[in-house]
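Visitor: Protein chains in written order, with my numbering: chain W, 1285 to 1784; chain E, 1285 to 1784.
One should not assume that every hint holds.
It does not matter which identical chain is used: a pair holds within one copy or between any two.
Stated by the list, open to error - Straight-line C-alpha distance at most 20 Å; calculated EDC-like pairs for lysine to aspartate or glutamate:
{"no.": "1", "residue 1": "Lys1698", "residue 2": "Glu1687"}
{"no.": "2", "residue 1": "Lys1698", "residue 2": "Glu1758"}
{"no.": "3", "residue 1": "Lys1698", "residue 2": "Glu1513"}
{"no.": "4", "residue 1": "Lys1698", "residue 2": "Glu1591"}
{"no.": "5", "residue 1": "Lys1698", "residue 2": "Glu1489"}
{"no.": "6", "residue 1": "Lys1486", "residue 2": "Asp1685"}
{"no.": "7", "residue 1": "Lys1698", "residue 2": "Glu1644"}
{"no.": "8", "residue 1": "Lys1698", "residue 2": "Glu1660"}
{"no.": "9", "residue 1": "Lys1486", "residue 2": "Glu1591"}
{"no.": "10", "residue 1": "Lys1698", "residue 2": "Glu1332"}
{"no.": "11", "residue 1": "Lys1486", "residue 2": "Glu1777"}
{"no.": "12", "residue 1": "Lys1698", "residue 2": "Glu1661"}
{"no.": "13", "residue 1": "Lys1595", "residue 2": "Asp1298"}
{"no.": "14", "residue 1": "Lys1698", "residue 2": "Glu1456"}
{"no.": "15", "residue 1": "Lys1486", "residue 2": "Glu1687"}
No lab work stands behind these hints: they were computed from the structure.
Protein chains: 2
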Amino acid sequence: MTAVATSYSPRTGDRVRSAAPTTQSQLVTITTTAATAAAVLTGTSPAERRRWLYALADALEAYTEELVTLADLETALGSQRLTVELGRTISQTRFYGDVAVEGSYLGVAIDDAIGLTRMSRPLGPVAVFGASNFPFVLGVVGHDTSAAIAAGCPVVAKAHDAHLGLSLRLAEITTTALAGAGAPVGTYALAVGFDTGVALVKAPEITALAFTGSERGGRALWQAANEREIPIPVYAEMGTVNPVVVTRAGAADLDTITDGFVSCYAASAGQYCSKPGLFFAPAGTGAAARVAAALEATGPNPTMLTEAIAKSVRTGLDGFTRAGARIVLELGGHAPGWSAPAAILEAPISAVTEGSRLLEECFGAVAIVVEYTTAEELHAALRAMQPALVAAVWAPTDGPDVEASAVIDILAAKVGRVVLNGWTTGAGHSWAQNHGGPWPATSNAAGTSIGGAALNRFVRPIAYQTVRDDWLPEGARRSNPWAVTRRVNGVIEPSPHVVP
Amino acid sequence: MTAVATSYSPRTGDRVRSAAPTTQSQLVTITTTAATAAAVLTGTSPAERRRWLYALADALEAYTEELVTLADLETALGSQRLTVELGRTISQTRFYGDVAVEGSYLGVAIDDAIGLTRMSRPLGPVAVFGASNFPFVLGVVGHDTSAAIAAGCPVVAKAHDAHLGLSLRLAEITTTALAGAGAPVGTYALAVGFDTGVALVKAPEITALAFTGSERGGRALWQAANEREIPIPVYAEMGTVNPVVVTRAGAADLDTITDGFVSCYAASAGQYCSKPGLFFAPAGTGAAARVAAALEATGPNPTMLTEAIAKSVRTGLDGFTRAGARIVLELGGHAPGWSAPAAILEAPISAVTEGSRLLEECFGAVAIVVEYTTAEELHAALRAMQPALVAAVWAPTDGPDVEASAVIDILAAKVGRVVLNGWTTGAGHSWAQNHGGPWPATSNAAGTSIGGAALNRFVRPIAYQTVRDDWLPEGARRSNPWAVTRRVNGVIEPSPHVVP
Chain W
1285 MTAVATSYSP
1295 RTGDRVRSAA
1305 PTTQSQLVTI
1315 TTTAATAAAV
1325 LTGTSPAERR
1335 RWLYALADAL
1345 EAYTEELVTL
1355 ADLETALGSQ
1365 RLTVELGRTI
1375 SQTRFYGDVA
1385 VEGSYLGVAI
1395 DDAIGLTRMS
1405 RPLGPVAVFG
1415 ASNFPFVLGV
1425 VGHDTSAAIA
1435 AGCPVVAKAH
1445 DAHLGLSLRL
1455 AEITTTALAG
1465 AGAPVGTYAL
1475 AVGFDTGVAL
1485 VKAPEITALA
1495 FTGSERGGRA
1505 LWQAANEREI
1515 PIPVYAEMGT
1525 VNPVVVTRAG
1535 AADLDTITDG
1545 FVSCYAASAG
1555 QYCSKPGLFF
1565 APAGTGAAAR
1575 VAAALEATGP
1585 NPTMLTEAIA
1595 KSVRTGLDGF
1605 TRAGARIVLE
1615 LGGHAPGWSA
1625 PAAILEAPIS
1635 AVTEGSRLLE
1645 ECFGAVAIVV
1655 EYTTAEELHA
1665 ALRAMQPALV
1675 AAVWAPTDGP
1685 DVEASAVIDI
1695 LAAKVGRVVL
1705 NGWTTGAGHS
1715 WAQNHGGPWP
1725 ATSNAAGTSI
1735 GGAALNRFVR
1745 PIAYQTVRDD
1755 WLPEGARRSN
1765 PWAVTRRVNG
1775 VIEPSPHVVP
Chain E
1285 MTAVATSYSP
1295 RTGDRVRSAA
1305 PTTQSQLVTI
1315 TTTAATAAAV
1325 LTGTSPAERR
1335 RWLYALADAL
1345 EAYTEELVTL
1355 ADLETALGSQ
1365 RLTVELGRTI
1375 SQTRFYGDVA
1385 VEGSYLGVAI
1395 DDAIGLTRMS
1405 RPLGPVAVFG
1415 ASNFPFVLGV
1425 VGHDTSAAIA
1435 AGCPVVAKAH
1445 DAHLGLSLRL
1455 AEITTTALAG
1465 AGAPVGTYAL
1475 AVGFDTGVAL
1485 VKAPEITALA
1495 FTGSERGGRA
1505 LWQAANEREI
1515 PIPVYAEMGT
1525 VNPVVVTRAG
1535 AADLDTITDG
1545 FVSCYAASAG
1555 QYCSKPGLFF
1565 APAGTGAAAR
1575 VAAALEATGP
1585 NPTMLTEAIA
1595 KSVRTGLDGF
1605 TRAGARIVLE
1615 LGGHAPGWSA
1625 PAAILEAPIS
1635 AVTEGSRLLE
1645 ECFGAVAIVV
1655 EYTTAEELHA
1665 ALRAMQPALV
1675 AAVWAPTDGP
1685 DVEASAVIDI
1695 LAAKVGRVVL
1705 NGWTTGAGHS
1715 WAQNHGGPWP
1725 ATSNAAGTSI
1735 GGAALNRFVR
1745 PIAYQTVRDD
1755 WLPEGARRSN
1765 PWAVTRRVNG
1775 VIEPSPHVVP
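Extracted from the complex, chain W is given alone in its bound form (with noise of 0.2 Å):
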């Protein structure tokens, strides 16, 4: 744990701010005290941690602009941006509050006939490291952090390298809030480090383990997870190749479709784990030239977020056309700081083969445009595609399309998500909201890391037979204190607590 953590503004490559990695002692003291707060965060009330989070919410609104300002120079994605993302993280870490207290994801039951008792217990610290491309909505204070503490697991996060100035100042923020708010300490702490990272996942006080970023670095997490005396659930979101279709018939709208397609894969220089990466779009209709002429008229000179993302842009260009793709149209890359160029590429369809090249992500404003000639030859490629975050098609929905519909059962099958009509990036919070996928869009396709289920990822549930109604833990009690929605023999009783 010796490597000093630093970052840098990626429009010069200046040094932003650097931090000493958190040394051993100081984890084990961060992992211990988390310990301490796990025991008594399990005797909370969701509506006591509901406090906890609208305090943190409240924060993170006054501090909006010194916020922002920092993401910016640690980001470039620009102000307007993450102005918008840190409205939805403030949003969202109030939602995880309600949900909480809405109850549902406590799983309580009771059968009397049998006298059993169910409700679920929160797993105990979790470790969270977020992602580079959401230093708010998905960073150490982002939708894993609040959906743990909303269930009652304190949170170690790791602070993330391309924004270390901002995950401090947020976890300064952040422990602030909810000490003032009444939260036991340790129910938020900040790791730094990229040793200090793998060595959290092997603290035995961390309970499970919430990732979101490349596959490379959740597969790790994942392994060393794995690898402990105690393996602990793992959620890690990596992300792969999105894909869009656009069906024959709703190829007569191409040029408004083109138009989207450039403003979602090349909006925040392509950096989102559901930025499409593939179009698929009926032979003969010249997408390939309209996405070009698209894209040229936005102009795009991306800057990205790490110095080694902007390499990685240009090696995933190099490895597309070694595997068959040519670059129709390239802008942009020879800025100051981590610059890269934006690109469409067009590959033949059969080139779009399993294990292809093609079929990997390359995370920037870069996609591919593949031309179809039949059905049959679409859903082989579609197919022979890793299965992924989320997937959108493009048809008409005023007369039948059997085409359409076809398509989405292969998705289904392939994704977490499924747009029609719409754009891959932008998941919100609700209820319905999945953010996951099969392996290896994430390492648990039963988990979601966005809405109301995210908090199911925490807990583990316990049965009660026969136990005195006071010993119950408070929330499983026959009154229901918590009025959290429940099953009593058979009978759901919904919360009067409704988010809608």
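Model the placement of chain E on the given structure of chain W, informed by the hints.
Guide: Then chain E, alone, in the frame of chain W:
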């Protein structure tokens, strides 16, 4: 895959049934047929699958006499116990069909504000490794099989060598009953042989694994599943040592409790995953002598399921004595066949420390009495134990008992089920049931292998965004054609199909 599978009569050691192992090419046919069936099952309604499961239950009922006779021959568990067990199996098979129709497991949610509809879909073919000790309830057509089919997943079950003849006959009855009810070919299949089991876990068509058995077996399969190119979820119920605690006040009724304890730990030769292996009683109550007297009165002469289990009882006893326990009474173990002793041991609480052999499972009619003097030493011993499936506490409920509630709190952090004034065995199927627990009791504490939540293990969520209603999977459509429980804009709409 060369070793012939063979079952024996535990009472005599004579061979009962042999069968050639499933060959690699047969296994490929089985798993690819299962994958074909999976595509069909994904489109079926829960009501349709309930019809299949009811037909299966009817068939099991019709063949009760034959199945019990066959099971008794290969397990020596006795026809009375086996008849009860088969009855429970028939009932649980119908239960999972009912749970599917109620539909909560699908997690349907509709959020109009962002045009999202979520519904889970079945994972695909599930490999089921049944237990030796419950040839019906947790066998090749037990909880895991019924829950998987109810959730829309075909099952490839591994025949248990110990009850090979029964496994083969159950598979015949099951495939015939399912086919007769209209289930597609491949909805259920059986594979024979140890190496075949390993190959089954590696088969690319298999999407999840359910296992009940030893920690060694469960860990090996978990490891194999994680080494696949595409890792799959593993739900292994491996069991450990389940504790019983008698509080000081509870000891007033100690004779009744010790009689009950013997009935619990020594029944069916102690071959339960929920067998209580450690009995904590207040010092000075003569608990070990009382248990010994009760054991002597029952005059046990255990016959074990397999030769290996019989040997492991003796190995376990040796290990316990070397770890500081003393054998108070040992009975039986000299009959023909797979005979092993029943025994009660006692150990000083000072020997009950983390990592002690006393805290490892000895499958069989063997238990250890431990006397405690102070609450502190009792709590320390309980905290030193490995996580377990279940724990029991005996304490009066007609007054305040801080002892009991403190113990319940400690145990709740360790186990999947806590019983007050009752026994650990006999986990019935209901909504509130939880047969699980933290690692190494199971490989996934979020899952239960018994109860209404058992289906949840075999599905994954998908969100559909602004997808035309008639292109959604049937169960997710606005008109709710399957009448499943769902959440619409935050408000729960319970299914009319209430399962009591």
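Visitor: For Lys1595 vs Asp1298, is the C-alpha pair at or below 20 Å within one copy, between two copies, both, or neither?
Guide: Result: close within a single copy only, 17 Å intra versus 69 Å inter.
Visitor: Within, between, both or neither: how does the pair Lys1698, Glu1513 come out at a Cα-Cα threshold of 20 Å?
Guide: between (33 Å within a copy, 16 Å between copies)
Visitor: Can you give me the call for Lys1698 and Glu1758, within, between, both or neither, at a CA distance of at most 20 Å?
Guide: between (41 Å within a copy, 18 Å between copies)
Visitor: Measure nothing new, just compare the shortest in-copy and cross-copy C-alpha distances for Lys1698 and Glu1687 to 20 Å and report within, between, both or neither.
Guide: within (17 Å within a copy, 52 Å between copies)
Visitor: From the Cα coordinates, with 20 Å as the cut-off, is the pair Lys1486 and Glu1591 best called within, between, both, or neither?
Guide: neither (29 Å within a copy, 39 Å between copies)
Visitor: Within a copy, between copies, both or neither: which one fits Lys1486 and Glu1687 at a CA-CA cutoff of 20 Å?
Guide: neither (49 Å within a copy, 34 Å between copies)
Visitor: Which holds for Lys1486 with Glu1777 at a C-alpha limit of 20 Å: within a copy, between copies, both or neither?
Guide: neither (41 Å within a copy, 43 Å between copies)
Visitor: 20 Å Cα cut-off: does Lys1698 pair with Glu1591 within a copy, between copies, both or neither?
Guide: For Lys1698 and Glu1591, neither the intra-copy (32 Å) nor the inter-copy (46 Å) Cα distance is at most 20 Å.
Visitor: My question is about Lys1486 and Asp1685: at a cut-off of 20 Å on alpha-carbon distance, are they close within one copy, between copies, both, or neither?
Guide: neither (52 Å within a copy, 39 Å between copies)
Visitor: One pair to classify: Lys1698 and Glu1332, alpha carbons no more than 20 Å apart. Within, between, both, or neither?
Guide: neither (39 Å within a copy, 25 Å between copies)
Visitor: 20 Å Cα cut-off: does Lys1698 pair with Glu1644 within a copy, between copies, both or neither?
Guide: within (15 Å within a copy, 42 Å between copies)
Visitor: When Cα atoms must be at most 20 Å apart, do Lys1698 and Glu1661 count as within-copy, between-copy, both, or neither?
Guide: within (17 Å within a copy, 53 Å between copies)
The earlier numbered hints that this structure contradicts are 4, 6, 9, 10, 11, 14, 15.
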